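Protein chains in written order, with the working numbering: chain G, 16 to 221; chain L, 32 to 345.
These aren't lab readings, by the way, just hints derived from the structure by calculation. None of these values were measured; they are calculated from a predicted model. Among the hints, erroneous ones may be present.
[What the hints assert, rightly or not] Non-contacting residues of chain L with respect to chain G, defined by C-beta distances greater than 12 Å in every case (computed): (1) Arg-38; (2) Trp-48; (3) Arg-82; (4) Asp-102; (5) Arg-108; (6) Ile-110; (7) Gln-127; (8) Ala-134; (9) Glu-149; (10) Gly-172; (11) Gln-216; (12) Val-264; (13) Glu-285; (14) His-306; (15) Leu-313; (16) Ala-329.
[Claimed, not checked] Some but not every residue of chain L turned toward chain G, in silico, with C-beta under 7 Å: (17) Ile-117; (18) Tyr-165; (19) Leu-169.
[What the hints assert, rightly or not] Cβ-to-Cβ under 7 Å is the rule here; a few derived chain L residues that face chain G: (20) Met-32; (21) Ala-104; (22) Tyr-112; (23) Phe-120; (24) Leu-135; (25) Gly-137; (26) Ser-139; (27) Leu-199; (28) Leu-201.
Even glycine gets a Cβ: it sits at the ideal position worked out from N, Cα and C.
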Amino acid sequence: MPIDTQLILSAILEHVALTLTSVTLAVALGVPLGVYLARHRFLSGPALAIVGVIQTVPSPALLGLMIPLFGIGKKPALVALFAYALLPIVASTFSALDSLDRAALEAARGMGMRPTQILTKVALPLGLPVVMRGIRVSTVINVGVATLGALIGAGGLGTFIFRGIALVDTPTILTGAVPAAVLALLFDGGLALLERVLVPRGLRKQ
Amino acid sequence: MAAIRMRRVGRQFSERWILRDFDLEVPEGQTLALIGPSGSGKTTVLRLINRLLECSEGSIHVFGRDVADGDAAELRRRIGYVIQEIGTFPHYTVQQNVGVVPALLGWSRARIQARVHELLDLVGLPPAEFAGRYPHQLSGGQRQRVGFARALAADPPLVLFDEPFAALDLPTRESLQDEFRRLAQSLRKTFVVVTHDIFEAVRIAERIVVLHEGRCVRDAAPRDLVRSPGDAVVEALLGPHRYQLELMTTTLGEASAGPTSGSAARGSVIELPDHVSVWEALSRLSSSQAGAVRVNAASGARVLSREQLLRGAD
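With the hints as extra help, turn the sequences into a complete structure.
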């Protein structure tokens, strides 16, 4: 069965959009949430448990559960992917800030930095390598989970995979699976590069 | 005006008083050591001064201003603060580390750079070589020098040191203590140093305050403290090192020659000024294998043998 390259290209773009949008939203909420939890440690146990529960729901089920809430299409898929990406990002931000060198924080306070300055000038730059690891994990997971978006009409590369499965047609499955795998590698590599740029030089091991 | 005036200061942690009824007045330009075992409240005193902790009772004035008035972060920018060497920021270069407080105070970049270079020269880290390095590219002693420069950056009249040498090996610690003494004498700022090491206190401070269980048990010049401890806690602090500490707190100028033995001292003679301690003179004699020191003073030169020096603390 011939496959339209135009179709593949638009499926890839849909897939990229689903992944990037959901991870961006998860970073936008997850990093501040992790910061908040590091400052209010008594909340960190319960909060991380709640976010963790989302992770335990099997991904097809999670997507299915979104249908009564958001109908079908891109919106429920985005919400599910966002929820999925949240845990690694919140957990890594929390543990990055929670395990910071106390002396550096003490010095920052003693020098006369205000809490916000301590966070932006010291705590986040020092914790960045760990936070970035969480973001990379979330991104790679989401490239995979986003293929399931096809089940609820969100499009993306999953469309080919599920069509291939239904037709027992391996080339069609591969048409979805191979680009998805390549995307996962590309995102991971891209974020590794971003990490190299963002992580302050003094923290890089020689 | 006193640099620091603490009146009936107390600090409580969950029902327990970690410091109680503490009074302290530090004149401007003095180098003071706060010493005591862990849990004695010495670090609490330091942290109350720059409001890393708040008083539970009493008042603290720094150069006449109540520290409780106004913003704690502003206060801390006016007071230098040095902690153990690991307190340097690993993601900042030496230059950025030293320039932290001036940057917080909004100085121009050119002014910060000029000041940073001046300070790196002062603490013996040539800027051309060190300004662009990161802390992990420095030795422990060099990092602590960066810590000193950072605390002095905005030219604060008062600098607080919390166990500044504790993480360093002995030779590095001693050379930094010498450096510290040199800075204290040339800058004439008010320095308050927390330490648990009596040798350090004796080497670097003009005055020693001994704390025990949240109270001051002794407040004296090093030589008086060593010669008349006057308290079981101070006795314990001096331990078996009293004789050495006495030699450390006696200058050659004060050492009595004792009865002259008549015979000339064996070996060669080294020359030292009269403000050097007897202990240091003995150390120099050992390392140079000389037999006596010639003490040069305004009143004239004297020659003291090793034996005379050993009796000299009497």
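- Query: Was the hint right that L/Tyr-112 lines chain G, CB cutoff 7 Å?
  - Reply: Holds - the Cβ of L/Tyr-112 comes within 7 Å of chain G, reaching about 4 Å at its closest.
- Could you let me know if the closest chain G CB is still more than 12 Å away from the CB of L/Ala-134? 9 Å, violated
- Message: According to the definition I'm using, a residue is off the interface if its beta carbon is farther than 12 Å from all beta carbons of the partner; does L/Ile-110 meet that for chain G?
- Response: 8 Å, violated
- Interface hint status, L/Ser-139 versus chain G (Cβ within 7 Å): 19 Å, violated
- Message: Just want to verify: L/Arg-82 was marked as not at the interface with chain G; is every Cβ pair farther apart than 12 Å?
- Response: Label violated. Min Cβ-Cβ 10 Å, cutoff 12 Å.
- Message: Please verify that the nearest CB of chain G lies beyond 12 Å from L/His-306's CB.
- Response: 34 Å, holds
- Item | L/Ala-104 as an interface hint toward chain G, with CB separation required under 7 Å | 5 Å, holds
- Per-residue hint verdict: L/Met-32, partner chain G, C-beta under 7 Å: 22 Å, violated
- Item | chain G contact restraint on L/Leu-199 - CB to CB distance below 7 Å | Where the cut-off is 7 Å and the nearest Cβ of chain G is about 14 Å from L/Leu-199, the hint is violated.
- Can we trust that L/Arg-38 is non-interface, i.e. its beta-carbon lies farther than 12 Å from all of chain G? Holds, since 23 Å exceeds 12 Å.
- No chain G beta carbon within 12 Å of L/Arg-108's: Incorrect as stated: the minimum Cβ-Cβ distance to chain G is 3 Å, not above 12 Å.
- Going by Cβ atoms, does L/Glu-149 stay more than 12 Å from chain G at every point? Per Cβ check, L/Glu-149 is outside 12 Å of chain G; nearest 19 Å; holds.
Going through the hint list in order, the structure does not satisfy hints 3, 4, 5, 6, 7, 8, 19, 20, 25, 26, 27 and 28.
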